[in-house]
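**Student:** Here is how the chains run, residue by residue.
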Amino acid sequence: MSEPVLELEVLRYRPETDQDPVFQTYTVPYNSDWVVLDALTHIKDNIDRTLSFRWSCHMAVCGSCGVMINGEPKLSCHTFLRDYYPGKVRVEPLTNFPIERDLVTVADDFMEKLASVKPYVITEEDRPVSAGEHLQSPADLNSFKQYTMCINCMLCYAACPQMGLTPDFVGPAALALAHRYNLDTRDAGREERQEIAASNEGVWDCTFVGACSQVCPKAVDPAAAIQQTKIASTVDWYKALLPWGK
Amino acid sequence: MAKSNKPIVWSLFAGGGMIAAFVLPAMIFITGLAVPMGLLLENALAYDRMLALVGNPIGKLVLFGVIFLSLWHAAHRLRMTLHDLGIRSGRVAMLACYGVAGLASIAAAVVLLSI
Ligand code: SF4
Numbered sequence: 001m002s003e004p005v006l007e008l009e010v011l012r013y014r015p016e017t018d019q020d021p022v023f024q025t026y027t028v029p030y031n032s033d034w035v036v037l038d039a040l041t042h043i044k045d046n047i048d049r050t051l052s053f054r055w056s057c058h059m060a061v062c063g064s065c066g067v068m069i070n071g072e073p074k075l076s077c078h079t080f081l082r083d084y085y086p087g088k089v090r091v092e093p094l095t096n097f098p099i100e101r102d103l104v105t106v107a108d109d110f111m112e113k114l115a116s117v118k119p120y121v122i123t124e125e126d127r128p129v130s131a132g133e134h135l136q137s138p139a140d141l142n143s144f145k146q147y148t149m150c151i152n153c154m155l156c157y158a159a160c161p162q163m164g165l166t167p168d169f170v171g172p173a174a175l176a177l178a179h180r181y182n183l184d185t186r187d188a189g190r191e192e193r194q195e196i197a198a199s200n201e202g203v204w205d206c207t208f209v210g211a212c213s214q215v216c217p218k219a220v221d222p223a224a225a226i227q228q229t230k231i232a233s234t235v236d237w238y239k240a241l242l243p244w245g246k
Numbered sequence: 247m248a249k250s251n252k253p254i255v256w257s258l259f260a261g262g263g264m265i266a267a268f269v270l271p272a273m274i275f276i277t278g279l280a281v282p283m284g285l286l287l288e289n290a291l292a293y294d295r296m297l298a299l300v301g302n303p304i305g306k307l308v309l310f311g312v313i314f315l316s317l318w319h320a321a322h323r324l325r326m327t328l329h330d331l332g333i334r335s336g337r338v339a340m341l342a343c344y345g346v347a348g349l350a351s352i353a354a355a356v357v358l359l360s361i
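Respectively, the protein sequence lines represent chains A and B. For the first sequence, counting from 1, position 21 maps to 21 in the working numbering; every step adds exactly one. If you want the working numbering, it's the 1-based position in the second sequence plus 246.
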């Protein structure tokens, strides 16, 4: 009996020769233990060395192998061929990002947005090392822990319809990360982050579709972070109207 | 980037969401099911009782709040959905959605105040 095989349609774009991206079909051996990344690696090693794609850890930690698989943003290291076999698997670069080459996208805009929300602990004054640890209770940690799980895979940016409609939108992962630091008891930087988060391009461009939270491989739930930021920003807004509010 | 003034629109939307989720189902249950099925007093929705409810200033205020916030919620949700569907001609969609909600709210206020 012949070995089972699976067809993989991969979007190719080689800027030096291709005017537009084109699909190329590869036939790979079917192995029920393989994930889509294994199939891509098989192509690169045995069929076509020119195929470009990003990956690093192969265990859903590094966040670099996000692609569209049959139209849905997924980590290719986390998506089994057996969920598609004997059907075809169509692999494309993440939606809402420019293509650099084949499955590799340009992530510069995302990186800038991430940096814009100051995703690090900002303290009121410098704490000398001699001040010792900054203690935090398990309950304090729990209040933001889920938002620390983000691996910057950008799947949420590919899933979000607002990213396509409003490219200036700061987007789910960056806003969730801003929320993560705002909730951190060691942090005093909320006011600075609100400059971005509470602007029109911040949480207010979100229409609560919720696709970000559906596709997130780490259960970060960025949609919840954004809604909580909307509530807090609304409270700020009304407080500022009060004579004693600032 | 300047801080947004969208909290005004959104707080009404969020308030309306609470009402649409919690108060409206209860009202539909009372008026549409409980009374017709005889689960409540037969005269629970009798004319004079309703008139007393609507005649009371607090009753007017609560009813207006429920109507206005629910309509605002629906208008905002509809506009956001139109936006998601790619219908982005801001002004027309905005006028249509908030306009209907505004006119219906004014109509409700006029009726309530005339009782
Ligand atoms: S929030 Fe989730 S989907 Fe978005 S970048 Fe982080 S891990 Fe990926």
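It is worth saying that the hints were derived from the structure and are not from the lab. Each hint should be verified, as a subset may be incorrect.
Computed list of lysine to aspartate or glutamate pairs in DMTMM-like fashion (alpha-carbon distance at most 20 Å, straight line) [said to hold, decoys possible]: (1) Lys-88(A) with Asp-33(A); (2) Lys-249(B) with Glu-9(A); (3) Lys-252(B) with Asp-330(B); (4) Lys-252(B) with Asp-236(A); (5) Lys-88(A) with Asp-168(A); (6) Lys-252(B) with Glu-201(A); (7) Lys-88(A) with Glu-3(A); (8) Lys-239(A) with Glu-191(A); (9) Lys-249(B) with Glu-72(A); (10) Lys-249(B) with Glu-201(A); (11) Lys-118(A) with Glu-201(A); (12) Lys-249(B) with Asp-33(A); (13) Lys-145(A) with Asp-236(A); (14) Lys-118(A) with Glu-100(A); (15) Lys-113(A) with Glu-100(A); (16) Lys-145(A) with Glu-195(A); (17) Lys-113(A) with Glu-201(A); (18) Lys-88(A) with Glu-72(A); (19) Lys-113(A) with Glu-192(A); (20) Lys-239(A) with Asp-168(A); (21) Lys-118(A) with Asp-168(A); (22) Lys-252(B) with Asp-38(A); (23) Lys-113(A) with Glu-195(A); (24) Lys-249(B) with Glu-100(A); (25) Lys-118(A) with Glu-191(A); (26) Lys-113(A) with Asp-221(A); (27) Lys-252(B) with Glu-195(A); (28) Lys-113(A) with Asp-168(A); (29) Lys-88(A) with Glu-191(A); (30) Lys-249(B) with Glu-3(A); (31) Lys-306(B) with Asp-294(B); (32) Lys-88(A) with Glu-9(A); (33) Lys-252(B) with Glu-191(A); (34) Lys-252(B) with Glu-192(A).
**Student:** All the hints need checking, so say for each whether the structure fits it.
**Tutor:** Hints, one by one, checked against the model:
| no. | hint | verdict |
| --- | --- | --- |
| 1 | Lys-88(A) with Asp-33(A) | 16 Å, holds |
| 2 | Lys-249(B) with Glu-9(A) | 45 Å, violated |
| 3 | Lys-252(B) with Asp-330(B) | 17 Å, holds |
| 4 | Lys-252(B) with Asp-236(A) | 12 Å, holds |
| 5 | Lys-88(A) with Asp-168(A) | 35 Å, violated |
| 6 | Lys-252(B) with Glu-201(A) | 11 Å, holds |
| 7 | Lys-88(A) with Glu-3(A) | 16 Å, holds |
| 8 | Lys-239(A) with Glu-191(A) | 14 Å, holds |
| 9 | Lys-249(B) with Glu-72(A) | 34 Å, violated |
| 10 | Lys-249(B) with Glu-201(A) | 10 Å, holds |
| 11 | Lys-118(A) with Glu-201(A) | 16 Å, holds |
| 12 | Lys-249(B) with Asp-33(A) | 50 Å, violated |
| 13 | Lys-145(A) with Asp-236(A) | 24 Å, violated |
| 14 | Lys-118(A) with Glu-100(A) | 27 Å, violated |
| 15 | Lys-113(A) with Glu-100(A) | 19 Å, holds |
| 16 | Lys-145(A) with Glu-195(A) | 23 Å, violated |
| 17 | Lys-113(A) with Glu-201(A) | 11 Å, holds |
| 18 | Lys-88(A) with Glu-72(A) | 14 Å, holds |
| 19 | Lys-113(A) with Glu-192(A) | 14 Å, holds |
| 20 | Lys-239(A) with Asp-168(A) | 28 Å, violated |
| 21 | Lys-118(A) with Asp-168(A) | 17 Å, holds |
| 22 | Lys-252(B) with Asp-38(A) | 46 Å, violated |
| 23 | Lys-113(A) with Glu-195(A) | 13 Å, holds |
| 24 | Lys-249(B) with Glu-100(A) | 34 Å, violated |
| 25 | Lys-118(A) with Glu-191(A) | 11 Å, holds |
| 26 | Lys-113(A) with Asp-221(A) | 18 Å, holds |
| 27 | Lys-252(B) with Glu-195(A) | 14 Å, holds |
| 28 | Lys-113(A) with Asp-168(A) | 9 Å, holds |
| 29 | Lys-88(A) with Glu-191(A) | 49 Å, violated |
| 30 | Lys-249(B) with Glu-3(A) | 61 Å, violated |
| 31 | Lys-306(B) with Asp-294(B) | 15 Å, holds |
| 32 | Lys-88(A) with Glu-9(A) | 7 Å, holds |
| 33 | Lys-252(B) with Glu-191(A) | 18 Å, holds |
| 34 | Lys-252(B) with Glu-192(A) | 19 Å, holds |
This entry does not satisfy hints 2, 5, 9, 12, 13, 14, 16, 20, 22, 24, 29 and 30, going by the numbered hints stated previously.
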